[in-house]
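Residue numbers (our numbering), protein chains in the order written: chain A, 115 to 538; chain B, 115 to 538.
In case anyone wonders, no lab produced these hints; they're calculated from the structure.
Nothing here was measured: the structure is a model prediction, and the numbers come from that model.
Hints are supplied without guarantee of correctness; some may be wrong.
If you want the footprint, here are the derived chain B segments under chain A, 3+ residues with CB under 8 Å [as the list claims (entries may be wrong)]:
| # | stretch |
| --- | --- |
| 1 | 354-367 |
| 2 | 500-514 |
| 3 | 524-531 |
Cβ-Cβ distance ranges computed for the label pairs, FRET-style [claimed, not checked]:
| # | chain 1 | residue 1 | chain 2 | residue 2 | range |
| --- | --- | --- | --- | --- | --- |
| 4 | B | Gly296 | A | Arg139 | 20 to 26 Å |
| 5 | B | Arg246 | A | Arg389 | 55 to 61 Å |
| 6 | B | Ala359 | A | Ile313 | 54 to 60 Å |
| 7 | A | Pro299 | B | Arg246 | 35 to 41 Å |
| 8 | B | Pro192 | A | Ala298 | 23 to 29 Å |
Quick reminder that beta carbons are idealized off the backbone N, C-alpha and C, glycines included.
Protein chains: 2
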Amino acid sequence: MAAGRDERTAVVLSVGEELLAGDIRDTNREEVAAALRELGFDVRGLRTVGDGAEEIAEAVTAAAARASVVILTGGLGPTEDDRTRHGLARAASDELVFDEEELGRIADLFARVGRAMSESNRVQAYRPSRARWIENRHGTAAGLRAEVAGALVVALPGPPFEMRPMLAEVLLEDVVGRFGPGAAPPRVKVRAHGLSESIVGERVREFMGEGADPRVGITVSGGILTVTATSHAADRASAERAVEAVGRTVAERLGPNVYGRGDVTLEEATVASLRRAGMTCATAESCTGGLVASLLTRVPGSSDVFLEGCVTYSNAAKSARLGVPAETIERHGAVSEEVARAMAEGIVRTSGASVGVSLTGVAGPGGGTAEKPVGLVWLGLRVDGVTHARRIVLPGDRETVQLRAARAALDLVRRGASGTLGVR
Amino acid sequence: MAAGRDERTAVVLSVGEELLAGDIRDTNREEVAAALRELGFDVRGLRTVGDGAEEIAEAVTAAAARASVVILTGGLGPTEDDRTRHGLARAASDELVFDEEELGRIADLFARVGRAMSESNRVQAYRPSRARWIENRHGTAAGLRAEVAGALVVALPGPPFEMRPMLAEVLLEDVVGRFGPGAAPPRVKVRAHGLSESIVGERVREFMGEGADPRVGITVSGGILTVTATSHAADRASAERAVEAVGRTVAERLGPNVYGRGDVTLEEATVASLRRAGMTCATAESCTGGLVASLLTRVPGSSDVFLEGCVTYSNAAKSARLGVPAETIERHGAVSEEVARAMAEGIVRTSGASVGVSLTGVAGPGGGTAEKPVGLVWLGLRVDGVTHARRIVLPGDRETVQLRAARAALDLVRRGASGTLGVR
Numbered sequence: 115m116a117a118g119r120d121e122r123t124a125v126v127l128s129v130g131e132e133l134l135a136g137d138i139r140d141t142n143r144e145e146v147a148a149a150l151r152e153l154g155f156d157v158r159g160l161r162t163v164g165d166g167a168e169e170i171a172e173a174v175t176a177a178a179a180r181a182s183v184v185i186l187t188g189g190l191g192p193t194e195d196d197r198t199r200h201g202l203a204r205a206a207s208d209e210l211v212f213d214e215e216e217l218g219r220i221a222d223l224f225a226r227v228g229r230a231m232s233e234s235n236r237v238q239a240y241r242p243s244r245a246r247w248i249e250n251r252h253g254t255a256a257g258l259r260a261e262v263a264g265a266l267v268v269a270l271p272g273p274p275f276e277m278r279p280m281l282a283e284v285l286l287e288d289v290v291g292r293f294g295p296g297a298a299p300p301r302v303k304v305r306a307h308g309l310s311e312s313i314v315g316e317r318v319r320e321f322m323g324e325g326a327d328p329r330v331g332i333t334v335s336g337g338i339l340t341v342t343a344t345s346h347a348a349d350r351a352s353a354e355r356a357v358e359a360v361g362r363t364v365a366e367r368l369g370p371n372v373y374g375r376g377d378v379t380l381e382e383a384t385v386a387s388l389r390r391a392g393m394t395c396a397t398a399e400s401c402t403g404g405l406v407a408s409l410l411t412r413v414p415g416s417s418d419v420f421l422e423g424c425v426t427y428s429n430a431a432k433s434a435r436l437g438v439p440a441e442t443i444e445r446h447g448a449v450s451e452e453v454a455r456a457m458a459e460g461i462v463r464t465s466g467a468s469v470g471v472s473l474t475g476v477a478g479p480g481g482g483t484a485e486k487p488v489g490l491v492w493l494g495l496r497v498d499g500v501t502h503a504r505r506i507v508l509p510g511d512r513e514t515v516q517l518r519a520a521r522a523a524l525d526l527v528r529r530g531a532s533g534t535l536g537v538r
Numbered sequence: 115m116a117a118g119r120d121e122r123t124a125v126v127l128s129v130g131e132e133l134l135a136g137d138i139r140d141t142n143r144e145e146v147a148a149a150l151r152e153l154g155f156d157v158r159g160l161r162t163v164g165d166g167a168e169e170i171a172e173a174v175t176a177a178a179a180r181a182s183v184v185i186l187t188g189g190l191g192p193t194e195d196d197r198t199r200h201g202l203a204r205a206a207s208d209e210l211v212f213d214e215e216e217l218g219r220i221a222d223l224f225a226r227v228g229r230a231m232s233e234s235n236r237v238q239a240y241r242p243s244r245a246r247w248i249e250n251r252h253g254t255a256a257g258l259r260a261e262v263a264g265a266l267v268v269a270l271p272g273p274p275f276e277m278r279p280m281l282a283e284v285l286l287e288d289v290v291g292r293f294g295p296g297a298a299p300p301r302v303k304v305r306a307h308g309l310s311e312s313i314v315g316e317r318v319r320e321f322m323g324e325g326a327d328p329r330v331g332i333t334v335s336g337g338i339l340t341v342t343a344t345s346h347a348a349d350r351a352s353a354e355r356a357v358e359a360v361g362r363t364v365a366e367r368l369g370p371n372v373y374g375r376g377d378v379t380l381e382e383a384t385v386a387s388l389r390r391a392g393m394t395c396a397t398a399e400s401c402t403g404g405l406v407a408s409l410l411t412r413v414p415g416s417s418d419v420f421l422e423g424c425v426t427y428s429n430a431a432k433s434a435r436l437g438v439p440a441e442t443i444e445r446h447g448a449v450s451e452e453v454a455r456a457m458a459e460g461i462v463r464t465s466g467a468s469v470g471v472s473l474t475g476v477a478g479p480g481g482g483t484a485e486k487p488v489g490l491v492w493l494g495l496r497v498d499g500v501t502h503a504r505r506i507v508l509p510g511d512r513e514t515v516q517l518r519a520a521r522a523a524l525d526l527v528r529r530g531a532s533g534t535l536g537v538r
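Turn these sequences into a full structure, and let the hints steer you where they fit.
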C-alpha cells in the first residue's frame, strides 16, 4: 500500500481525543469515505488521531505520502484543544497567520444570530499562510485547503451539518476541479425489511461467489437489509446494464419486502407510498413512545401525508385519546391484540386519517413475563375499513426493540398503502 | 507520537473494504478503544484498512511499533476477501498452518445448528503457527492471539455480538494477565445544555492549556456540551481529588445549564428531575414530530413520569387534541408564541400532567420565510400554573433542527421541574 500514490487515492483522518477514547462515535469518517468513493477514489485508509498538533502533522504527512487527497474532520473549534490548523501548518512546513478578513466573517456570523463573539473565537481566524479558507455557512469554524507534498489536504469542522455542505463544495471545486470527474464502479442497492440475512443469502447465492461479476454483497442493520450488486467490468456501459439486471432479479426474488433502491430509507419509502396512494396517516404508539411519528416526520414534506400521532403511554391516555375501552385493557392487558386493534381503530376514527397504525409492547428492560416477554410487540393497522394485527417478538435492548418495532410499523403502513399487505 | 512505545499503549485496527468504502458504519473501533481506555491504556490511534494481506501486515507492523497492544476486528470470515490471518502471519514473520482440531470445532458448530459446513469454511481453520486461538461461541470465525515485535496482537471477528464476549475474555486473560490491572486516568465529565463551546472555553480556559493537569477538554454534539477533566498525576488518590475539584469548579461556572455528571443523557436527567419533584409530564409537539416523547421514553422507567404525548402536526389536530383556538392559529400562524403557549396549556389541561411542554417551529428545508426562517422554534412550558415561552433559532438541516429543538424542550422540562427555570 505504501508503494507510493496513484491519481485517485484518498485517506480520511478524524481528529479528537474524545474519538480515541471512544467517547464519541465519529460518523464523518464513513461519510467522507463514501463521498470520495462515489467519485471513483480508492480510499486507502481511515484514521483517527488525538488532539496534539504533532500527531496531527505526522498523520497528515503519512497520509499525503500514500494518497493524492487527504480530508480531515475536527479540531477547528475555538478552544485550546482544537489544533488541526497547527498540525496542518506543521505538515505543510508553513506558519500560521492571522486573517483579519476571516475574523470579520466570524464577527458577522455572531452579529447575525445576535450573540457576542467571544475572545477565543479569534483563534479561528488563524490559517497556514499558504492555505485557503473554505466557507462555513453554519458555524464559526471555516475549513482549510492546503498542499502537503503534492497532495490536496482539506480540513473540515467536526459537526456533521457544518461539514456536509463544505465537503460537497470541496469535492466539486477542488477534487473534481483538479482530478477531473470520476465514478465508482457501477452498483445497485436493493433495500428490504423483514427478511433474514441467511434467507436472502440463499435466494441470491449464485451472485455471491468469488469470481462473480456483478458480485452481490449483503449487509443488515436494525432489521433493514441491503443487497448491493457491484460490477468491475472494464466496459462501463455493460457494467451498468449488468448491475441493473442483477438488481432487478434480486428485487424480484425478495418480493414485497423490498421497499426501495439506493439510499432510500424505510420512512422515506413509507411517506412516498402514502403519497402515491393519496392516503394520509396517523399513529398511535405505546412502547415506541413516539418513535414512529418521529421517523415519519424526519422526512421533508411528510406533512402532506402525516396528520398526527398519539403517544398514549398511560392506559388512561389510551382510553381518553383513542377510546380504547378500559375493560378491554383490563381483560386482555395493555399489550394485547385486542388493544392494538382498538388503538388502530381509535386513531383512524379520531384523526380522520386513511391509514392508522398502532403499537403496544414490552420494550424492557423491565415488565417482561413468561407469557409476555420483553420484546413482544403487537402491531395494529387500520386501512380500507379493515383492521389487521401482527405479533412480533424482537431481540435486543430497549432502544433496539423500539427501533425495530417502529420499523415494523412503518413497513406495515407502507404495505398497507401499496396494497401488498397480504402478499407473502 | 511515534516516539516508541510505553507500557500501556494501544492501537485499534478495523479491517474491511466495505468500511473503507463507507458502506458500513464500524462501531467496533470505538467500542474496543473505550474498553482499552477503561483499563488505563493510552489509545494512540484508530485505523481502518482494506482487505489486502499486505496492507493488513503493514498496519499491524506500524501499530506494533508504537503500541504494546494491537487489536484488530474483521477479516476472519470464510470468504476470499477475509485475509486478516494472512496479514497477521506476514507481520509476525510466521506461516499459516492448518489446524484439524479447529476444523472439528467449526464442523461441530454447523452440526449444532443443523446446517452443512461449506468447503470455504476450511480456511477458518488456518492460523499463524505461533498464534493461539480465541474461542468464538457465536460464530465460525475464531479469534487469534499473536506476538509482533514484542506487542500483543489480537484479531477478533467483525460482528459485534461475536466480537464483544471475545474482547472481554482477551482483556481479562491476555491484557490484564500480561500488563496487570489498570484503570483509566481519573476523569470527571460535566454535561451541560444551552451553552456555546466558545463561552464555556473561556469560563474554563485556565484548565485547557497544553501542560495543565487536570486538563479539561470540551466536546459539543447536537447542543449537548461535555467538559471532561482528566488527571495523569502519578498519585492516583490526589489525581482523583484533583479532577473532582476541577469538576466542581466547572459545574459552578456553568451553573444551571449543567444537567449531570458522567455519561448521563439529557433525557435521563429530565426523567430524574421529574421523579425527584414528584411531577408528571406530557408533550405537545409539532415540528419535532414526536422526538421529545421518543427521547423521554427511551429512558427505562420513564412511564413513572411520562403520561402521554400529542404529535399535533396538522392545525386541525392542534385544535382537536389541545383546544388551540383556530383563530389563534389563523391570526399568529402555527409557528408563534401564542400557539406554543396554547399548546402547552392544552396538553396540561387534557392530560392532567403537572408539566406540559410544547414545540412549534420550522424544521425545514421548506417553509421558511424572512420573518419565520427555517430553524425558528417556539417552545412553551406550563408548570406550577404558569406558562413560559422561549424563542430559539437553530442552525442545521431538518434532522439537526429537530434534535436540537427536542433537547431544548427536554432541558426546559428539567429546569421547570428543578425550579431553575428563571436562573441565568
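Now for the hints, and whether the structure bears them out:
no., hint, in the structure
1, 354-367, "violated (count 0)"
2, 500-514, "holds (count 7)"
3, 524-531, "violated (count 0)"
4, Gly296/B <-> Arg139/A: 20 to 26 Å, "24 Å, holds"
5, Arg246/B <-> Arg389/A: 55 to 61 Å, "58 Å, holds"
6, Ala359/B <-> Ile313/A: 54 to 60 Å, "58 Å, holds"
7, Pro299/A <-> Arg246/B: 35 to 41 Å, "39 Å, holds"
8, Pro192/B <-> Ala298/A: 23 to 29 Å, "26 Å, holds"
When held up to the earlier numbered hints, the structure conflicts with 1, 3 and fits the remainder.
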